[in-house]
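Chain by chain, the residues:
Number of protein chains: 2
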Amino acid sequence: MAGGSGTRFWPLSRRRTPKQVLAILGPNSLLQDTVQRIMGLAPSERTFVVTNLRQKRLIAQQLPDLSDSNYILEPSPRNTAPCIGLAAFAIRRIDPQAVMIVLPSDHLVRDESAFIQAIRTAVEVARQTDGLVTFGIPPTRIETGYGYIQFEPTDGDLPKSVHRVKAFAEKPNRETAERFVASGEFYWNSGIFIWRVERILKEMEEHLPEQYHQLDMISRAWGQPGYARTLVNRWGRIRPISIDYGVMEVASSPIYMVEGDFGWSDVGSWDELYRLHKGNANHNVTLGETALIDAKDNFIYSPGKITAMVGLDNVMVINTPTATLICPLDRAQDVKQVVEKLKREGKEHYL
Amino acid sequence: MAGGSGTRFWPLSRRRTPKQVLAILGPNSLLQDTVQRIMGLAPSERTFVVTNLRQKRLIAQQLPDLSDSNYILEPSPRNTAPCIGLAAFAIRRIDPQAVMIVLPSDHLVRDESAFIQAIRTAVEVARQTDGLVTFGIPPTRIETGYGYIQFEPTDGDLPKSVHRVKAFAEKPNRETAERFVASGEFYWNSGIFIWRVERILKEMEEHLPEQYHQLDMISRAWGQPGYARTLVNRWGRIRPISIDYGVMEVASSPIYMVEGDFGWSDVGSWDELYRLHKGNANHNVTLGETALIDAKDNFIYSPGKITAMVGLDNVMVINTPTATLICPLDRAQDVKQVVEKLKREGKEHYL
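Chains as they are written, first to last, in the working numbering: chain A, 881 to 1231; chain B, 881 to 1231.
The hints are simulated quantities; they were obtained by calculation from the structure and are not laboratory data. Keep in mind that the hints are not guaranteed to be accurate.
[Claimed, not checked] Result set (SDA-like, lysine to any residue): computed pairs, CA atoms no more than 20 Å apart in a straight line: (1) K1185(A) to L1172(B); (2) K1223(B) to I1173(A); (3) K1221(A) to K1176(B); (4) K1185(A) to E1139(B); (5) K1185(A) to G1168(B); (6) K1216(B) to T1202(B); (7) K1216(A) to E1139(B); (8) K1082(A) to K1158(A); (9) K1221(A) to E1169(B); (10) K1158(A) to N1194(A); (11) K1176(B) to Y1154(B); (12) K936(B) to L1231(B); (13) K1051(A) to Y1125(A); (14) K1176(B) to T1202(B); (15) K1227(A) to E1169(B); (16) K1185(B) to K1158(A); (17) K1185(A) to Y1154(B); (18) K1227(A) to I981(A); (19) K1221(A) to K1216(B); (20) K1223(A) to L1172(B); (21) K1046(B) to E1139(B); (22) K1221(B) to N1164(A); (23) K1040(B) to D1010(B); (24) K1185(B) to G1168(A); (25) K1221(A) to G1168(B).
[As the list claims (entries may be wrong)] Reference listing, derived: stretches of chain A covered by chain B, where coverage requires no fewer than 3 residues with Cβ under 8 Å from a Cβ of chain B: (26) 1176 to 1190; (27) 1194 to 1204; (28) 1217 to 1223.
Small disclaimer: the values here were computed from a predicted structure and weren't measured. Cβ coordinates follow ideal geometry from the N, Cα and C atoms, glycine included.
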């Protein structure tokens, strides 16, 4: 899934350069890392990128091993359920027995071999149980920016790292998050899913019948002369809904959670990126030259020019050729307010 | 006097673009305003700009009414006494009876007619008494960034706005500044001087004999074939010293202070520039587009790009194509620490 246009990394992320195509943690973009990471399990002919026309060209430049047949294009954003449904229909055409791994393209995974091992386990569980499988990330801090998964032991002979999902919880407030983490029964919801395509399509048919119908119509037009028109017309009628809300929270199939202890982060905001760069040290993280006086624990991203800072701590400065953002790190979540303000004021060219 | 390379407006002011050539308060640079302001009293053939070779070209572009004969070039910075001495020798060659008005080129004057009136008074006092005349600015706040002049009533029939100078005080600490302002006997030292060229040269001969000797040697070579070499050699041997310390504080002539109630400011730092722009309103001062969330009383200078700020007050952001400065307004004085740091680290190209 590479169609998102995340606003929380403004001004670095823009409509045409969303978070997943940015190389914010290394030489490669998060998207490139995502595709690279899964390559051993899913070679390029079985890798599909769902995105939109606006982003496709840049994405295709970043993924030279993929060709047009690897792309599934959404005419407009409809949240994750229609996105996953469209991909599921596409995959079923190739292999009705296929197991599908749904990966956001803008996450960080630090331990690749643990990740691959967990994916293998999840694929096995999906095949064996015909259930819906997701990853739960053992929380490493009180975090209000993620959804949580409550789990309980499985019965049966599944691996030790596999649990039965009891409930999904949306992003909690601070107090609730503290309770979740303290209980040991709640893991972070990674947004990664594994299931047989038949299974997820059955669930969508049952719980999202309108969306399913439109997707089915699109699927039937595949390869026909009128496909583009059908796609645009049918897709346009689809009501946006997330896979969590539309399927996972109401699913009829059993849901399993595989422990995902592989150094995962959704790199959801500038302050999280700062923490990832900083590690455990107590200092400034800088990209670009700096001259700092009485300034600590700051995050300065300003390639190609010098940034001087005097007497400020815990502040981030993101300086791109056309825009600058200055904000305390603990208000990084409010960057989306800036984007909303720009939208409201009609300053679309900055988005 | 237009040779300064002020560091307190870094990164906008650089070695080649010092404060006086910047248009920081309106369409014209402070230098252009200074020359324009005095034009009615001193037409261009009697206006002399003391600067250095590095800045001359840019200054000449800003002052199209002046020609090469209006420039007096210093080979290197030697503080104000040698600068004024060199100019005094040059003016004496043209008119030994001349009264000389010494003006820094980087000050702000808001009430031009009051300024001209005060200059007329000062010129009259200099002619009548053959003393040294300076301007004292009635203080409008406790200010530790300026020197002060202590004054007492004059005897004789001088205008009411003219006082006798009792003492010069260097930049005081906070407590002393409070006492100065409360006393009513201390005005700000504007660094503007008026005197007969003969008078200041006599004072220099007496109190700065070594400097005077070198300047005299330079003056004698004027118009001779070896002038440039003499200038560089002799000037190089001059020990830098300010006119305040070298002459005013030890002068043998009587010293008068004319009240300068003409909206003066030396625009000495970013926070003063912020105050001047802001007036009495309580808001952000911005140049360039902005998107501000929970941000007040900030000073944002970032032409040509958008600046977003979240959750910060009383902070300045100065964003030029090659450098950015972020600093609380009340630490604007510490910008010179940044410049010193850059110098120390050999990053001369940023200066």
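key: chain B covers the segment 1217 to 1223 of chain A, three or more CB atoms within 8 Å, holds or violated   = Coverage by chain B holds for the segment 1217 to 1223 of chain A (4 residues, Cβ < 8 Å).
- Task: Please work out if K1221(A) and E1169(B) have their alpha carbons no farther apart than 20 Å.
- Result: At roughly 13 Å apart (the allowed maximum being 20 Å), E1169(B) and K1221(A) satisfy the hint.
**OP:** Take the C-alpha atoms of K1221(B) and N1164(A), compute the straight-line distance between them, and say whether it is at most 20 Å.
**Re:** Distance of about 17 Å is within 20 Å: holds.
Measure nothing beyond the straight line between the CA atoms of K1227(A) and E1169(B); if it is 20 Å or shorter, mark the hint as holding. 10 Å, holds
With the threshold set at 20 Å, check whether the alpha-carbon distance from K1040(B) to D1010(B) stays at or below it.
18 Å, holds
| Do the alpha carbons of K1223(A) and L1172(B) lie within 20 Å of each other, as the hint requires? | 13 Å, holds
Margin query: Does E1139(B) sit within 20 Å of K1046(B), going by the straight-line distance between their CA atoms?
Written below: 14 Å, holds
**Prompt:** Are there at least three residues in the segment 1176 to 1190 of chain A whose beta carbon sits under 8 Å from a beta carbon of chain B?
**Reply:** holds (count 7)
Next on the checklist: For a C-alpha distance cap of 20 Å, please report whether K1216(A) and E1139(B) respect it.
Outcome noted: At roughly 54 Å apart (the allowed maximum being 20 Å), E1139(B) and K1216(A) break the hint.
Is the hinted pair K1185(B) and K1158(A) satisfied, with a Cα-Cα distance of at most 20 Å? Cα-Cα ~29 Å, so violated.
>> For K1185(A) and E1139(B), compute the direct alpha-carbon distance and say whether it is at most 20 Å.
In response: Violated - the C-alpha atoms of E1139(B) and K1185(A) are around 45 Å apart, more than 20 Å.
Would the hint linking K1185(A) and L1172(B) be met if the CA-CA limit is 20 Å? 23 Å, violated
Checked against the numbered hints given earlier, the structure breaks hints 1, 4, 7, 8, 14, 16, 17, 18, 19 and satisfies all the rest.
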